[in-house]
Amino acid sequence: MRSRLSSRALRHAVIFLVASLSIGCGTVRNPSLERARDAYQKARQDPLIVRNAGAALDRAQSTLETAEQLWAKERDVNEVEHLAYIAEKRVEIARVTAQRRQAAEEFKQGGARP
Numbered sequence: 012m013r014s015r016l017s018s019r020a021l022r023h024a025v026i027f028l029v030a031s032l033s034i035g036c037g038t039v040r041n042p043s044l045e046r047a048r049d050a051y052q053k054a055r056q057d058p059l060i061v062r063n064a065g066a067a068l069d070r071a072q073s074t075l076e077t078a079e080q081l082w083a084k085e086r087d088v089n090e091v092e093h094l095a096y097i098a099e100k101r102v103e104i105a106r107v108t109a110q111r112r113q114a115a116e117e118f119k120q121g122g123a124r125p
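Each number in this note's numbering comes from the position in the sequence shown (counting from 1) with 11 added on.
These aren't lab readings, by the way, just hints derived from the structure by calculation.
Check each hint, because a few of them may be wrong.
Straight line, CA to CA, 25 Å or less: simulated DMTMM-like cross-link-like pairs of lysine to aspartate or glutamate [to be verified]: (1) K84 to E117; (2) K119 to E90; (3) K100 to E76; (4) K100 to E90; (5) K53 to E92; (6) K119 to E79; (7) K53 to E103; (8) K84 to D49; (9) K100 to E85; (10) K100 to D57; (11) K100 to E79; (12) K53 to E116.
Given the sequences, and given the hints that come with them, work out the whole structure.
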């Protein structure tokens, strides 16, 4: 009975180990894509960017989605890194656009004083 119990426990441990490894190995991460995704998410949470540069942020999202789809389907490292870079730059453009529009609005409202 004791050997039967330990044999069963060993089988369960092996099954758990194999399942854990297969789950961990199933997700290959791309650091460039993750950086772009993080940059986009931070920008999406910034009300100034959402309000003043929504179109630029949409372009960044579109590029990011293309990169994610390409990574999921083909794992093309070079192309995904290229698209992730473009997505990050588009987020940066959205941020600068939002800041400039905010400054222009403040100027118009008399916020700029000599």
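Going through the hints against the structure:
1. With a CA separation close to 46 Å, the supplied pair K84 and E117 exceeds the 25 Å bound.
2. Of the pairs offered as hints, the one joining K119 and E90 is violated, with about 43 Å between alpha carbons and a cut-off of 25 Å exceeded.
3. Proposed proximity of K100 and E76 is supported: the alpha carbons are some 15 Å apart, at most 25 Å.
4. At most 25 Å may separate the alpha-carbon atoms for a hinted pair to count; K100 and E90 meet this at roughly 15 Å.
5. Distance hint between K53 and E92 is fulfilled; the C-alpha atoms sit about 19 Å from each other, no more than 25 Å.
6. With a C-alpha separation of about 40 Å, the suggested pairing of K119 with E79 is violated against the 25 Å cut-off.
7. For the proposed pair K53 and E103, the alpha carbon gap of about 11 Å is at most 25 Å, so the pair holds.
8. As the CA atoms of K84 and D49 are separated by approximately 21 Å, the hinted pair is consistent with the 25 Å bound.
9. For a cut-off of 25 Å, the pair hint linking K100 to E85 stands: about 23 Å separates their Cα positions.
10. For a cut-off of 25 Å, the pair hint linking K100 to D57 stands: about 16 Å separates their Cα positions.
11. As the CA atoms of K100 and E79 are separated by approximately 16 Å, the hinted pair is consistent with the 25 Å bound.
12. Distance hint between K53 and E116 is fulfilled; the C-alpha atoms sit about 23 Å from each other, no more than 25 Å.
In summary, the structure is inconsistent with hints 1, 2 and 6 from the numbered list given earlier, while agreeing with the others.
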